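> Quick note on numbering: this note's numbering labels position 120 of the sequence shown as 120, and the sequence is numbered without any gaps.
A few of these clues could be false.
[What the hints assert, rightly or not] Think about it this way: if two alpha-carbon atoms lie no more than 27 Å apart in a straight line, the pair counts; the simulated DSS-like pairs of lysine-lysine are:
{"id": "1", "residue 1": "Lys47", "residue 2": "Lys6"}
{"id": "2", "residue 1": "Lys83", "residue 2": "Lys47"}
{"id": "3", "residue 1": "Lys156", "residue 2": "Lys145"}
{"id": "4", "residue 1": "Lys109", "residue 2": "Lys6"}
{"id": "5", "residue 1": "Lys47", "residue 2": "Lys145"}
{"id": "6", "residue 1": "Lys42", "residue 2": "Lys8"}
{"id": "7", "residue 1": "Lys156", "residue 2": "Lys189"}
{"id": "8", "residue 1": "Lys163", "residue 2": "Lys190"}
{"id": "9", "residue 1": "Lys83", "residue 2": "Lys99"}
{"id": "10", "residue 1": "Lys241", "residue 2": "Lys6"}
{"id": "11", "residue 1": "Lys21", "residue 2": "Lys99"}
{"id": "12", "residue 1": "Lys21", "residue 2": "Lys8"}
{"id": "13", "residue 1": "Lys253", "residue 2": "Lys145"}
{"id": "14", "residue 1": "Lys47", "residue 2": "Lys8"}
{"id": "15", "residue 1": "Lys163", "residue 2": "Lys189"}
{"id": "16", "residue 1": "Lys156", "residue 2": "Lys21"}
{"id": "17", "residue 1": "Lys109", "residue 2": "Lys21"}
{"id": "18", "residue 1": "Lys6", "residue 2": "Lys145"}
{"id": "19", "residue 1": "Lys155", "residue 2": "Lys6"}
{"id": "20", "residue 1": "Lys8", "residue 2": "Lys145"}
{"id": "21", "residue 1": "Lys253", "residue 2": "Lys241"}
{"id": "22", "residue 1": "Lys189", "residue 2": "Lys8"}
{"id": "23", "residue 1": "Lys8", "residue 2": "Lys155"}
{"id": "24", "residue 1": "Lys99", "residue 2": "Lys109"}
{"id": "25", "residue 1": "Lys42", "residue 2": "Lys99"}
{"id": "26", "residue 1": "Lys145", "residue 2": "Lys99"}
{"id": "27", "residue 1": "Lys104", "residue 2": "Lys83"}
{"id": "28", "residue 1": "Lys156", "residue 2": "Lys8"}
{"id": "29", "residue 1": "Lys109", "residue 2": "Lys83"}
{"id": "30", "residue 1": "Lys109", "residue 2": "Lys42"}
{"id": "31", "residue 1": "Lys42", "residue 2": "Lys104"}
{"id": "32", "residue 1": "Lys83", "residue 2": "Lys42"}
{"id": "33", "residue 1": "Lys104", "residue 2": "Lys47"}
{"id": "34", "residue 1": "Lys155", "residue 2": "Lys145"}
{"id": "35", "residue 1": "Lys47", "residue 2": "Lys99"}
{"id": "36", "residue 1": "Lys6", "residue 2": "Lys21"}
{"id": "37", "residue 1": "Lys6", "residue 2": "Lys156"}
Derived by calculation from the structure, the hints in this document are not laboratory data.
Quick caveat: nothing in here was measured; it's all calculated off a predicted structure.
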Amino acid sequence: MGLSLKIKHSLSDRYEIRPWKLLDPSDFSSLSLDNGSVIHIKNDDLKYYFGLTQSLSDLRSETLQFVLDDLNELYSFSGCNIKGLNAITSDEISGYSLKSEHFKTYIDKVDPNLGENYFPERIKPALNERLINDLPITLEYLVGKIQIPSLDRLKKSEIYTIKPLFRAVCSGETVFDFLLGINEIILLKKGQTMSLEANVGEPLVDDTSGMSVELNVSLGSITFSVEELQNLVVGDYLDLKGMSVSRVEIKMKNRLVAIGELIYDENSRLALEINEVYL
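Just need the whole structure built from these sequences, with the hints factored in.
The following block contains the structure:
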């Protein structure tokens, strides 16, 4: 069952891209660009602006070229030009709205490398680096692993040999290694367990840009009694009781750090748009 969500482009954080919209093909014609992009333009707007009385498909070649030249000057796309005006044969068209004083126009797809051709770049506020750096991360000190054929073979009082690892792990990624002492651990650079003397005094983590903070996206919570939980079966429906996909909580452990909205991106994947941040 699909959710009824807005469709927004994943480049909306970099460019001022308005939400995706389903269009009526009978109201539009298509402009083809020489970089492979297609733009849908409102027929009535074209006719009004250029004072056309006949159908767009009946334009003489010299009139059509005049229209294309004027459109190229009006839109001024960077690094590409409108090369053709075509009738739409598809039963369904859609796109992202382009800014224009005179025409309702929509681009069907936005190449990540060509976004600046069509949309103004967003001016991003400067990040508060101190607050970002103050976000807590959890390190798991992983001593090693044991191997058993199945969980039911894990027995009380049994002795198992550990395959040693001695790694500090965050979200599945190793941050640094360590040696286990009697009352403390000795910190080592990742992958340099055998060269302690050569690295004493060096920064433990040279670059934190590759590290990530894992956040949970939550619709909220529902409280059940144990009996109610036991009575649930596969295929049951639960009333969300006022919860909304347009206001989901983003948490780090139990700390609320942001509010967002569930959307679909341009590839129909479930995505999240951040609306409020509480750092």
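> Checking one constraint from the list: CA of Lys47 to CA of Lys6, max 27 Å. Satisfied?
Judged against 27 Å, a Cα distance of about 31 Å means the pair is violated.
> Compare the distance between the alpha carbons of Lys189 and Lys8 with 27 Å, and conclude whether the hinted pair is satisfied.
violated (42 Å)
> So if I understand the rule, the pair passes when the alpha-carbon distance is 27 Å or less; does Lys42 with Lys99 pass?
holds (13 Å)
> Lys104 and Lys47: Cα distance at most 27 Å?
holds (12 Å)
> For the pair supplied as a hint, Lys156 and Lys189, confirm whether the alpha-carbon distance does not exceed 27 Å.
Since the Cα atoms of Lys156 and Lys189 sit roughly 36 Å apart, the hinted pair is violated (cutoff 27 Å).
> Sort out whether Lys99 lies within 27 Å of Lys83, counting only the CA atoms.
Status holds; Cα separation ~20 Å.
> With a cut-off of 27 Å on the C-alpha distance, tell me whether Lys21 and Lys8 pass.
holds (9 Å)
> With the threshold set at 27 Å, check whether the alpha-carbon distance from Lys83 to Lys42 stays at or below it.
The given pair, whose Cα atoms are some 17 Å apart, holds under the 27 Å limit.
> With a cut-off of 27 Å on the C-alpha distance, tell me whether Lys6 and Lys156 pass.
violated (53 Å)
> Hey, Lys6 versus Lys145, does the alpha-carbon distance stay inside 27 Å?
Violated: Lys6 and Lys145 sit about 45 Å apart, past 27 Å.
> Under the criterion that the straight-line Cα-Cα distance not exceed 27 Å, is the pair Lys241, Lys6 satisfied?
holds (21 Å)
> For Lys109 and Lys83, compute the direct alpha-carbon distance and say whether it is at most 27 Å.
Given pair Lys109, Lys83 holds - Cα atoms ~17 Å apart, limit 27 Å.
The structure is inconsistent with the numbered hints 1, 5, 7, 14, 16, 18, 19, 20, 22, 23, 26, 28 and 37, although it conforms to all the rest.
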